[in-house]
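Novice: So you can see what is in the structure, the chains are spelled out below.
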Amino acid sequence: MTYKTTIGLEIHVQLKTKSKMFCGCDNNAEGVQPNTLVCPVCLGLPGVLPVANKQAIGWTLKTGLALNSKIAEHSKFDRKHYFYPDLPKGYQISQYDLPFLIGGQVEIEVAGDKKIIELTRIHLEEDAGKLVHAGTDSLVDLNRAGTPLMEIVTEPCIDSPLSAKIFLQELRSIMRYLGVSSADMEKGHLRADANISVSADEKLGVPVEIKNMNSFKMVEKALLYEEKRQREVLDAGDKIAKETRGWDDAKGITYSQRSKEFAQDYRYFPEPDLPPFEPTKMFDLAKLKAEIPELPAEKRKRYQSEMGLSLQDAEVIAIDQEMANYFEKTAEIVSPKLAANWIINELKIDGLVKIKPEDLAELLKLIDSNEISGKIAKDVLPQMLETGKSATDIIAEKGLKQIGSEEEIAKIVDKIISENSEIVSSIKAGKTSAIGFLVGQVMKETKGQANPAMVNKIINEKI
Amino acid sequence: MKLNELTIKEASEKLKSGEITSQELTQACLDEIEHKDKDIHAFLLVLKDEAIKSAKESDERYRNNQPLSQIDGIPVAIKDNMCMLDTKTTAGSKILENFVAPYDATVISKLKSAGAVIIGKTNLDEFAMGSSTENSAYGVTRNPHDLDRVPGGSSGGSAAAVAANMCIAALGSDTGGSIRQPASFCGITGFKPTYGAVSRYGLMAMASSLDQIGPMTKTAEDAEILFDLIKGYDEKDSTSLSFQTGGAQDLESRNLKIGIPREYFAEGLDSEVKKVIEAAIGKFKAMGAEIIDIELPNAKYALSCYYIIVPVEVASNMGRYDGIKYGFSAEGDNLLEKYINSRSEGLGAEVKRRIILGTYTSSAGYIDQYYNQAQKVRALVKQDFEEAFSKVDLILGPVMPTTAFKIGEKSDDPLKMYLSDIYTISVNLAGLPAMSVPAGNIDGLPVGLHLIGPQLSDSKILKIAQEFENNVLSS
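Quick mapping for you: the protein sequence lines, in order, are chains A and B. Mapped onto my numbering, the consecutive letters of the first sequence carry residue numbers 42 to 504. Mapped onto my numbering, the consecutive letters of the second sequence carry residue numbers 154 to 628.
Hints are computed from structural coordinates only; laboratory data are not their basis. Wrong hints could be hidden among the right ones.
Derived DSSO-like pairs: lysine-lysine, alpha-carbon spacing no greater than 27 Å straight-line [unchecked claim]: (1) B:Lys191 / A:Lys117; (2) A:Lys121 / B:Lys491; (3) B:Lys206 / A:Lys121; (4) A:Lys328 / A:Lys301; (5) A:Lys328 / A:Lys59.
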């Protein structure tokens with residue numbers, strides 16, 4: 042039987058604002074001792090009140106503008122209640138019926154096919170702390186409690202695990218372009234839960250929620266596994282249970298965590314400590330919009346249509362803002378195709394950081410003008426990385442530039458021989474080690490631009 | 154006159170002139186606490202050493218002619234639901250029996266930087282839930298006018314402390330009448346400012362959309378002095394308002410239009426209380442005010458509306474007291490059991506009642522018919538007042554339907570207890586400023602007159618109350 046797979050994603054993006062969502066605590070908890078970035082507000086002590094982080098709201102709106110969401114005229118925060126040791130107040134400040142952003146689209150390309158992923162909504166909330174399990178004890182670290190989280194919910198419109206993965210990668214890229222999140226899945230800056238259903242007809246099947254997918258690879262693997270599992274259940278004539286399943290990466294399987302037959306009641310109600318917002322009045326949207334850089338989808342198109350890159354090269358470069366910026370600077374000086382080829386295949390991450398685009402362009406120009414071969418350039422690049430010297434300097438020093446014809450060098454050799462008759466005599470008398478001196482003189486005369494091997498060869502011939 | 158019987162105004166002048174010292178004033182209050190509080194039990198904590206130290210520092214400032222404010226050196230008591238740095242703050246609850254606040258509430262910071270002598274923390278109904286101060290985990294407070302009677306609540310400790318001259322002034326908090334009601338029962342002045350006029354930062358939340366801190370004093374003039382000091386926008390409280398001073402200069406009672414809501418004089422109002430209030434209204438009339446009958450048609454729904462909204466916010470605000478991070482912690486074989494035991498043993502009956510009510514009325518399937526419906530009614534209650542204030546400057550009425558009731562009289566009947574808040578709660582639902590001013594006595598028990606004004610008319614009400622007070626004193 043043929044089945045149709047439908048996937049919806051719920052993504053949490055940690056915003057890298059300076060301070061937390063509702064207090065002034067430092068928001069960067071990486072590598073910090075547990076419970077050191079806390080204050081009465083994020084600890085939820087009696088009597089404290091939240092104050093909304095304007096930057097986080099601004100960044101959320103900016104994200105909405107970038108993703109073509111509708112910005113709500115009226116918005117507010119709500120309290121979402123549940124009891125858990127890492128939730129200091131017994132409720133999370135989140136958004137219920139009036140999120141900052143409604144709708145939106147992300148365009149992706151899956152194996153050459155354009156696909157539009159429709160967004161349902163985007164809202165802002167605070168993160169909980171985290172539990173650290175130590176033997177039989179569970180410890181609570183509240184450094185992360187209060188970190189701003191943007192929750193992005195897609196429509197159930199993603200047709201395959203691969204599309205889901207590519208969408209998430211695109212989203213990561215957009216977050217980085219916007220400068221609102223490091224969006225690193227391994228570090229939990231970007232967390233995704235999926236709802237996946239399989240059906241034999243056009244109707245949606247029973248959605249199963251998948252959690253614990255901590256990398257793009259895991260998302261694809263878990264969804265592929267789940268897609269296959271659900272098909273097999275249906276093939277066997279059984280029914281899919283509405284449940285939450287966890288991904289066990291070591292075993293490569295999903296496993297049942299809890300039934301979702303009974304929805305948890307979060308008892309949402311409007312947060313009385315924060316007055317409602319009018320986001321469109323609170324922020325200069327035109328200004329926010331102007332801050333949005335060209336995003337990967339546009340870049341992909343431009344790189345192909347205006348700069349002649351292949352789809353594949355355009356994708357690889359556009360997804361990484363740093364690489365894209367590097368590429369665009371390099372391509373101002375040399376041909377985009379050559380630049381793309383070298384940036385993708387030779388430069389590597391280290392090179393992006395250590396070698397300036399104009400320095401790479403200098404090297405590539407030498408190839409373009411046939412002054413050095415591509416092969417030599419590949420030898421020069423690691424040296425540039427190592428020494429920090431320019432391509433021209435390295436080529437000159439190492440005599441890699443094939444300057445001067447044999448005749449030209451022969452002329453200089455003749456001159457040196459006539460100026461050093463005593464040395465020549467001693468060489469002829471058998472002191473061959475003195476040849477090195479003559480070579481040195483020639484190199485000096487050519488300012489190091491002659492090929493030392495060739496000089497050696499000519500001197501030997503002449504003497 | 155004994156020093157502890159002075160008002161802020163009087164004491165401030167004497168301190169300034171050097172006639173008295175803050176140490177003498179503070180000692181007089183401490184002596185009075187020593188003398189009376191065994192019987193009254195207004196204080197949960199007396200900050201004797203700290204108060205004497207502050208008083209010494211204050212005296213130094215007066216000697217250098219550099220007092221920080223009009224309340225520099227004045228002993229002030231604080232309701233124990235306001236956090237004070239390094240000081241035990243219990244909210245009258247067992248669950249916070251050992252909680253030492255690691256920060257100052259904004260009002261405490263303001264008092265400290267004004268040089269006030271914080272003399273102690275006063276008793277209250279647990280987390281401010283109650284109307285009699287009988288719901289405290291640390292014992293009941295008694296009414297200084299009759300020790301068999303309640304002082305009112307929930308700010309009963311502050312009211313009794315001021316009434317018994319154990320301090321010069323106090324701070325209370327008012328969610329449904331918790332400043333005005335005990336002020337009425339204890340015969341002092343209690344002012345509940347416009348919602349947002351005073352920062353709530355550091356006030357342990359009961360019902361966040363209604364809670365408001367305010368002064369409890371011996372005179373309306375003192376209330377104004379203390380209010381001016383604690384009011385104002387606070388960046389730590391997003392619901393706080395920037396507040397303009399003044400605007401009340403050109404006020405004269407003879408130009409006033411005063412509204413008398415028919416609903417506040419209907420069935421349930423004690424006939425003797427009614428007489429006292431009518432006499433007070435008569436005084437306003439004599440002062441030249443125009444008295445106008447008004448209607449607040451939705452006032453009758455205020456009580457049920459209030460007792461739906463409040464528990465929902467209470468259930469939410471009480472979630473943090475889990476017995477793990479701070480405060481009282483019970484034993485339990487596992488986490489859930491520990492939670493359950495800590496909350497079962499640490500929280501009192503009224504708090505639990507409201508948590509259960511609020512959890513129910515905010516749960517899926519019920520929130521529309523209860524909480525959301527109550528919010529609509531709340532808007533109507535507010536609208537009633539807006540309409541009324543398009544015709545009148547001020548509304549007058551009783552604060553309480555009766556004088557102070559006996560200890561234990563209503564504590565077994567929550568509904569009867571809730572009904573005693575009938576005149577005060579609609580003010581909180583509408584976020585209005587209101588005040589209880591002593592208007593007379595019945596068999597030695599005080600009766601408070603209720604002054605209610607439109608939003609942000611705080612200064613105006615305080616001025617009018619002073620005029621009334623002066624008129625009563627001179628007559």
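Novice: The structure should be examined with respect to each hint, and the outcome stated for every one.
Specialist: Right, here's what the structure says about each hint:
1. B:Lys191 / A:Lys117: violated, 49 Å
2. A:Lys121 / B:Lys491: It holds: about 23 Å lies between the C-alpha atoms, which stays within 27 Å.
3. B:Lys206 / A:Lys121: violated, 45 Å
4. A:Lys328 / A:Lys301: Distance ~43 Å between A:Lys328 and A:Lys301 Cα, so the pair is violated.
5. A:Lys328 / A:Lys59: Cα-Cα ~21 Å, so holds.
In terms of the numbered hints stated before, the structure departs from hints 1, 3 and 4, listed from lowest to highest.
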